[in-house]
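Colleague: Listed below, chain by chain, are the residues.
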Amino acid sequence: MLATYPGQRVHEEDLVERARNGDAEALVQLLEPLAEPAHRLATGLLHDPWLAEDAVQEAAVKAWRHARRLRPRSSVRPWFLAIVANQCRDLRRRRWFSVIRQAEPGRQVAAPDSDLAATADLRRALAGLPHQQRLAVVLTFYLDLPLEEVAAVVGISVGAARSRLYRGLARLRPLLEMEPIR
Amino acid sequence: MTDLTPYRAGVQRALDAVYVPAPALPSLIRAAVLDAPARQRRPGPALAAVAAVLLAALAVGTVVWGRAALSRSHVAATAPPPFAAPGPLTAPAAQVAWVVGGVEAAGIDPSGHQVGSIKGAFGPYLSYRSGDGKTVVAIDGADIRVHDAGSGALLATVARPAAGVGDAAFSPDGRYLALLTTDVPEHVQLLDLAQGKLASDLALANASERYHGFITFHPDAGYPELFVISHVASGPQLIVLGYVHGNLQLIRESGISMPSCGDPAPLTSHMLADGRTLAVFCHESGQLSLVDTQRLTAAHVDTGQQNPFWFSPIYSPDGTKLYLHDIFSETVTVVDLESRKVGDPVKITVPASLAQKLAGWFVTEAEAGGIADTQPISPDGSLLYLAEPNGLVVMSTRSMTPTQVLLYGRKVTDVWVSGDGAHVYALVDGRLAILADRRAPVEANVSAGGFLSAAHG
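For the protein sequence lines, the chains are A and B, in the order given.
Read in order, the letters of the first sequence are residues 1 to 182 in our numbering.
Read in order, the letters of the second sequence are residues 183 to 639 in our numbering.
Take the hints with a grain of salt, since some may be wrong.
Now the stretches of chain A that chain B is said to cover, found in silico as 3 or more residues with beta-carbon under 8 Å [said to hold, decoys possible]:
no.	segment
1	25-32
2	41-52
3	61-67
Restricting the straight-line Cα-Cα distance to at most 20 Å, the calculated cross-link-like pairs of lysine to any residue (SDA-like) are [claimed, not checked]:
no.	chain 1	residue 1	chain 2	residue 2
4	A	K62	B	R212
5	B	K529	B	Q488
6	A	K62	B	L210
7	B	K593	B	R580
8	A	K62	B	D217
9	B	K316	B	L271
10	A	K62	B	S209
11	B	K523	A	P49
12	B	K523	A	W50
13	A	K62	B	A213
14	A	K62	B	L216
15	A	K62	B	A218
16	B	K316	B	V282
17	B	K503	A	K62
18	A	K62	B	P208
19	B	K503	A	P49
Note that these hints are calculated values from the structure, not bench results.
Only a predicted model underlies this, so the values are computations on that prediction, with no experimental measurement involved.
Yeah, the Cβ is synthetic: ideal placement off N, Cα and C, and Gly gets one too.
From just these sequences and the hints, can you work out the full model?
Modeller: See the structure below:
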């Protein structure tokens, strides 16, 4: 991850400025270290690693098209993850994606292992959450992002992000067999 | 305050089950950004006004579909659904084996009775039988003749292209036969077998070199695409064509980073369960390429083949596994096509009860290797039928151990499995033997050098 110590921070700011001015190589240097978290996020939202790869690539192209929107001295990670999340939401709206999702129950029947079935149930429940709740859960628990950055990716306040996260968890609780969230 | 640790663990476990690392993704991001046309940048205000005028003009104009309008694409507008294995083929015609002897092929039913014969030049490595098992074609002189596989009756005659036929493939519903010609530039011709006519003819660009190509259909009839890999021996080019209502249209094309495969060296392919990744095996190098037909990229797996043509590839019908049978080391290597991992070679170990019968098991004569005519696997993917110099080994794909050795002591060179999996046809010392469960082999009175099948090994 970029921007972990002062020297790198300067380097990232320089790259951001160059990317804003149309330097594709600078943008690539900013995005390449984010490939892994972006792919995790997309897999967490789409539950399909190959489709997630496509989503991240498409998001990279969109980031290039909208590089001028990158704010000077801002962190690239929440900005790019937000683009990835939007790309995943667009993909889920397409008709063929629902075809893929409908195929999943059949695969469960073929794999009767109880742990597999439990994780599949949880994925289905995740897929059924509203987009912002699902995004908050995946960012928090699968990417281990702090709530401030979750809020930046979702585009809401920290308080609202906490609210989305807890509402999502409340809907997942029956599957996780946990105590109520207070 | 609620302890969220268990939630974290549960979510991570659920998502880790579907997560597969993508080590090539940084380089794919680089390619996607650097290949994106500069015009894709958001225009400034002045440019936006000009663009708006141009877009308005475009909106009222006529869109001409043509080669010039096509461009490389990393991601298709729509992606195919997952591919489901076809399952057993129960039509009577799909149980009839077609064996080749010289310039004639004979249809033999499971009882050993000859149902018909057809004349034709049956060269190696072409697909002469439809995937549903109901149709066989003969390419002879100026004609391509279409026959009913159940009786040998002539159904239609279509003019053969003047140029040579380099590769051929049936559409999944058996209606179309696609031919890749050997002229320059090479053409793809789509023959409508139901109507007995040429439906479409498309010249491929950039074919200035000597022909060496490969053609195959997407196995889902509801997803009408076919794939051409040209310039296999030099710089492989992937071309994706659509064929809605028999009209060939170029959808996308790209050079793909794929190791060249020597000439001649026919490729063997199979669509993976995701419906978009084409597994392509090169007999010469032993390289397995996993070609993403949507993104036009390829990943490669070294299968560990020691010498050219030693591995005989057998794909599981559901597109999840590749079995590489090596008769020289008596092994089968399993490739998991989903995780892209190559297992250690599994020795074909013979149970003690069979060991005495197999004293002469090892290959003693020199063999050059070759390409099998068929994909000898049961329709449900549970059994491999391995032709060995000293018998036919039936191997369970679940345990990867032999369950039976048939035709012991006889040299088996090729095996074809009937559409429903109930009968196994084997070429033994140049003659045909028909095997069925709990029944003595039936030997047909025909000389045979190979099978006509939907997919070669």
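Colleague: Against this structure, judge whether each hint is valid.
Modeller: Verification of the supplied hints:
no., hint, verdict
1, 25-32, "holds (count 5)"
2, 41-52, "holds (count 8)"
3, 61-67, "holds (count 6)"
4, A:K62 to B:R212, "holds, 13 Å"
5, B:K529 to B:Q488, "holds, 15 Å"
6, A:K62 to B:L210, "holds, 14 Å"
7, B:K593 to B:R580, "violated, 26 Å"
8, A:K62 to B:D217, "holds, 13 Å"
9, B:K316 to B:L271, "holds, 9 Å"
10, A:K62 to B:S209, "holds, 16 Å"
11, B:K523 to A:P49, "holds, 16 Å"
12, B:K523 to A:W50, "holds, 16 Å"
13, A:K62 to B:A213, "holds, 13 Å"
14, A:K62 to B:L216, "holds, 12 Å"
15, A:K62 to B:A218, "holds, 10 Å"
16, B:K316 to B:V282, "holds, 17 Å"
17, B:K503 to A:K62, "violated, 36 Å"
18, A:K62 to B:P208, "holds, 16 Å"
19, B:K503 to A:P49, "holds, 19 Å"
Taken one by one, the earlier hints fail for this structure at numbers 7, 17, listed in ascending order.
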